[in-house]
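Take a look at the letters that make up each chain.
Number of protein chains: 2
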Amino acid sequence: MTAARTIFFVSDGTGITAETLANSLLSQFDAIQFRQVRMPFVDSVAKARDCITQIRAAAERDGQRPIVVSTLVSPQVAAALREADALILDFFSIFIAPLEAELGTRSTHTIGRSHGRANAKTYDDRIEAINFTLAHDDGVTDNDLDMSDVILVGVSRSGKTPTSLYLAVQFGIKAANYPLIPEDFERNRLPGSLEKYRHKLFGLTISPERLAEIRRERRPDSTYASIANCRAEVDAAQKLMRREGIRWLDSTSKSIEEIAATLIQEVGINGKAF
Amino acid sequence: MTAARTIFFVSDGTGITAETLANSLLSQFDAIQFRQVRMPFVDSVAKARDCITQIRAAAERDGQRPIVVSTLVSPQVAAALREADALILDFFSIFIAPLEAELGTRSTHTIGRSHGRANAKTYDDRIEAINFTLAHDDGVTDNDLDMSDVILVGVSRSGKTPTSLYLAVQFGIKAANYPLIPEDFERNRLPGSLEKYRHKLFGLTISPERLAEIRRERRPDSTYASIANCRAEVDAAQKLMRREGIRWLDSTSKSIEEIAATLIQEVGINGKAF
Numbered sequence: 004m005t006a007a008r009t010i011f012f013v014s015d016g017t018g019i020t021a022e023t024l025a026n027s028l029l030s031q032f033d034a035i036q037f038r039q040v041r042m043p044f045v046d047s048v049a050k051a052r053d054c055i056t057q058i059r060a061a062a063e064r065d066g067q068r069p070i071v072v073s074t075l076v077s078p079q080v081a082a083a084l085r086e087a088d089a090l091i092l093d094f095f096s097i098f099i100a101p102l103e104a105e106l107g108t109r110s111t112h113t114i115g116r117s118h119g120r121a122n123a124k125t126y127d128d129r130i131e132a133i134n135f136t137l138a139h140d141d142g143v144t145d146n147d148l149d150m151s152d153v154i155l156v157g158v159s160r161s162g163k164t165p166t167s168l169y170l171a172v173q174f175g176i177k178a179a180n181y182p183l184i185p186e187d188f189e190r191n192r193l194p195g196s197l198e199k200y201r202h203k204l205f206g207l208t209i210s211p212e213r214l215a216e217i218r219r220e221r222r223p224d225s226t227y228a229s230i231a232n233c234r235a236e237v238d239a240a241q242k243l244m245r246r247e248g249i250r251w252l253d254s255t256s257k258s259i260e261e262i263a264a265t266l267i268q269e270v271g272i273n274g275k276a277f
Numbered sequence: 004m005t006a007a008r009t010i011f012f013v014s015d016g017t018g019i020t021a022e023t024l025a026n027s028l029l030s031q032f033d034a035i036q037f038r039q040v041r042m043p044f045v046d047s048v049a050k051a052r053d054c055i056t057q058i059r060a061a062a063e064r065d066g067q068r069p070i071v072v073s074t075l076v077s078p079q080v081a082a083a084l085r086e087a088d089a090l091i092l093d094f095f096s097i098f099i100a101p102l103e104a105e106l107g108t109r110s111t112h113t114i115g116r117s118h119g120r121a122n123a124k125t126y127d128d129r130i131e132a133i134n135f136t137l138a139h140d141d142g143v144t145d146n147d148l149d150m151s152d153v154i155l156v157g158v159s160r161s162g163k164t165p166t167s168l169y170l171a172v173q174f175g176i177k178a179a180n181y182p183l184i185p186e187d188f189e190r191n192r193l194p195g196s197l198e199k200y201r202h203k204l205f206g207l208t209i210s211p212e213r214l215a216e217i218r219r220e221r222r223p224d225s226t227y228a229s230i231a232n233c234r235a236e237v238d239a240a241q242k243l244m245r246r247e248g249i250r251w252l253d254s255t256s257k258s259i260e261e262i263a264a265t266l267i268q269e270v271g272i273n274g275k276a277f
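Quick note, the sequences are listed as chains G and Y, same order. For the first sequence, the numbering used here gives the first residue as 4, with consecutive numbering after it. For the second sequence, the numbering used here gives the first residue as 4, with consecutive numbering after it.
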């Protein structure tokens, strides 16, 4: 294995955009080992010079020049960083100019816009969505269900909770979730409290084999985790969802991002990605 | 107000990277109204042509050409989309070429790498972090605290829960959180179960005025929410944290992203941003 390359994420804000961008790019070079260094809150020329010192040290240690992915709003700070001997991919300097030309206006060059609290109302709504989602996990309450943007249903351990939290944190979506349990299958009906929110329901299903695997980690050697029981529950849940006309998705080989992207399209929710 | 411009997020995967990047750019043009259209899973030339049809319709309605932010791994699909009459900011075509030159290797051009389940182990670890964080919210259990990456402490409603969930969802960090309550202040000591994890503790504080505001929404006219009580609790919590040598941060005007970025640096955690 060759020595790792160092990649710096430099930002005048949190650096989360820079890191998301960089990880997306690096995932296209999976044979290469990268050492990642975060440098958030670089909001002055002096701090940019500190970065250059660290970039130089990494270059000497690695024997090759580092890569820098940056999101620097200030042209002065960006210019200072360009003195570094590195491949610098500066997101704003590449994309802001064509956008300014297209929109016929100058950008505001304001630091900390995308992950700060620039818009307090939007921010507070998102925190409220996180609190709502947490309070409505696993069907613990029927209160305020009319305030939800979506209600996820599915058998225990089909992926409802991580998906709900992802929707809340990343998109500010109020996502309640409800388990479908053996009693629902016996009655072959939705839990009564959900009937009037049918248009908000979205189902998750999962392969019985994967479900048994996940459940075994929690409760080894239980009926709950047995493949026979998992098959019966998944089958009953799918029958119920089909009968009730609920849209659903198989989560078996999907990430929470993929489930979320599909769900947002299908349910028609307008969340903003943060 | 001028008519809204339409901006399309086009991706062969979830589109979450495209949307995050676009929102970061658009936040620099806050005087302009944008109408956002998500187009995830555009993984064929035929689907790219469907996009072009929608882009044309938006151009006619808006009376100005749309903006397209895209993350298309396939050169064929990207080329097909370039036929659209729009300002196209294609993120991969701009950044991948210089990276290939720098790294002396071709990229893999694999779709769905950054937000899929390409790396099952990393993905499963992250889901486990979400479950761990949820199970360790608000000090509900002392079990497995040694497995945590960080333990947040602070008075009730100082921002611990949203921050913990953000750390788990975005970075795959196992974040427990513990409320500091009047009994802790009376004893002027940390809750006993936390003593041996001092190196993992990170405190949040908040201005008493903002705290009272948040608490009043939950329990109006309560002692809990009174400004006198909030002042006393915040004061006692800060004294306790100072005495115990716990690093802390004022969350009053900070977003969960800003708190997370600072915390990760200070505690020295290696999470990956998703």
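Worth flagging that the hints you see were computed from the coordinates, not collected in a lab. The beta-carbon is built from N, C-alpha and C at its ideal position, and this holds for glycine as well. A portion of the hints provided could be inaccurate.
Simulated restraints, written as ranges between beta carbons of each label pair [as the list claims (entries may be wrong)]:
#1 Asp128(G) / Arg222(Y): 15 to 25 Å
#2 Pro101(Y) / Glu186(G): 53 to 63 Å
#3 Pro194(G) / Asn134(Y): 55 to 65 Å
#4 Asp149(G) / Tyr227(Y): 19 to 29 Å
#5 Ala7(G) / Glu216(Y): 39 to 49 Å
#6 Asp149(Y) / Ala138(G): 40 to 50 Å
#7 Asp224(Y) / Arg234(G): 45 to 55 Å
Taking beta-carbon pairs under 7 Å as the criterion, some of the chain G residues facing chain Y (in silico) [claimed, not checked]:
#8 Arg120
#9 Glu131
#10 Leu148
Inset, instruction - Given the hint of 39 to 49 Å, check if Ala7(G) and Glu216(Y) actually sit that far apart at their C-beta atoms. - result: Check passed, 47 Å falls within 39 to 49 Å.
Inset, instruction - With respect to the beta-carbon atoms only, verify the hint that Asp224(Y) and Arg234(G) lie 45 to 55 Å apart. - result: Taking Cβ atoms as reference, Asp224(Y) and Arg234(G) lie about 54 Å apart, which means the hint holds.
Legend entry - Assessment of proposed distance window 15 to 25 Å (beta carbons of Asp128(G), Arg222(Y)): holds (21 Å)
Legend entry - Status of the Glu131(G) interface restraint (C-beta, 7 Å, chain Y): Hint violated; Glu131(G) Cβ to chain Y Cβ min 9 Å, cut 7 Å.
Legend entry - Arg120(G) as chain Y interface residue, shortest Cβ-Cβ below 7 Å: It holds, given that the least Cβ distance between Arg120(G) and chain Y is near 5 Å, below 7 Å.
Inset, instruction - Identify whether the interface hint at Leu148(G) stands, where standing means a beta carbon of chain Y within less than 7 Å of its own. - result: This interface hint is violated because 19 Å lies over the 7 Å limit.
Inset, instruction - Kindly confirm whether 40 to 50 Å is satisfied by the beta carbon distance between Asp149(Y) and Ala138(G). - result: violated (28 Å)
Inset, instruction - Kindly confirm whether 53 to 63 Å is satisfied by the beta carbon distance between Pro101(Y) and Glu186(G). - result: holds (59 Å)
Legend entry - Range agreement (Cβ of Tyr227(Y) with Cβ of Asp149(G), hint 19 to 29 Å): holds (27 Å)
Inset, instruction - Could you say whether the range 55 to 65 Å given as a hint is met by the Cβ separation of Pro194(G) and Asn134(Y)? - result: violated (23 Å)
In the structure shown, a violation is registered for the earlier hints numbered 3, 6, 9 and 10, in ascending order.
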